[in-house]
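We have chain R; now place chain Y onto it with these hints.
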Amino acid sequence: AQSVTQLGSHVSVSEGALVLLRCNYSSSVPPYLFWYVQYPNQGLQLLLKYTSAATLVKGINGFEAEFKKSETSFHLTKPSAHMSDAAEYFCAVSDRNRDDKIIFGKGTRLHILP
Amino acid sequence: NAGVTQTPKFQVLKTGQSMTLQCAQDMNHNSMYWYRQDPGMGLRLIYYSASEGTTDKGEVPNGYNVSRLNKREFSLRLESAAPSQTSVYFCASRDRYNEQFFGPGTRLTVL
Chain R
-19 AQSVTQLGSH
-9 VSVSEGALVL
1 LRCNYSSSVP
11 PYLFWYVQYP
21 NQGLQLLLKY
31 TSAATLVKGI
41 NGFEAEFKKS
51 ETSFHLTKPS
61 AHMSDAAEYF
71 CAVSDRNRDD
81 KIIFGKGTRL
91 HILP
Chain Y
21 NAGVTQTPKF
31 QVLKTGQSMT
41 LQCAQDMNHN
51 SMYWYRQDPG
61 MGLRLIYYSA
71 SEGTTDKGEV
81 PNGYNVSRLN
91 KREFSLRLES
101 AAPSQTSVYF
111 CASRDRYNEQ
121 FFGPGTRLTV
131 L
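So the sequence lines, in the order shown, correspond to chains R and Y.
If you read the first sequence in the numbering used here, its first letter stands for residue -19, the second for the next number, and so on.
If you read the second sequence in the numbering used here, its first letter stands for residue 21, the second for the next number, and so on.
Chain R with its partners taken away, still in its complex shape:
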């Protein structure tokens, strides 16, 4: 069965500092991997996705993530945090052979310190 583990339910960084949100996955087959962002009182929106092309995936708002098969990781990074990045971030995985079922991690709330 697939699963996703996000390390750290809360992460705080200073404005302008590097953002690193960690995600490890478990899947018996090559997965599709996603990062979604949720702003307060809103639904989720896609930041980026990995579907088997380049292992370094660039998304919206300056975020990127790198698929590392050897580490079963898909960590999300942004070089310089902005106050508007404060939100909750979710990593998700789906089975490449049966991509209709998508499993989400528990989420990481990102706090930006002025």
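FYI, nobody ran anything at the bench for these hints, they're computed from the structure.
Wrong hints could be hidden among the right ones.
To be verified - Only pairs whose alpha carbons sit at most 20 Å apart, straight line, appear in this in silico SDA-like list of lysine to any residue: (1) R:K49 x R:S8; (2) Y:K29 x Y:T40; (3) R:K81 x Y:K91; (4) R:K86 x Y:T106; (5) R:K86 x Y:R127; (6) R:K86 x Y:R64; (7) R:K81 x Y:N82; (8) R:K81 x Y:N48; (9) R:K81 x Y:N50; (10) Y:K77 x Y:K91; (11) R:K81 x Y:E72; (12) R:K81 x Y:M61.
Below, chain Y without anything else, positioned relative to chain R:
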């Protein structure tokens, strides 16, 4: 193009009451999903529908039923609401590039 719409936005029920959450999408997507979001638990999949006429259980289906009425609509029914079903419910649809599009959510409180 409204995307994914959900009704109602807020609902308060008493234990044992029933209700149906409505979801519709206008993007011609085949797959639709119902999730619940609880603090510290992330999103948990209740049911999903890979295509019109099919539904499958997710991680937490107990206490819920679904209907894929047509390609556009996917409803979630609580037959006898319990306090443990107090949550925020999200409907989503998925395009052929595997991106999910989420509705604004329904905030449900069961007293």
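*Quick one: which hint numbers does this structure break? Sort them smallest to largest.*
none
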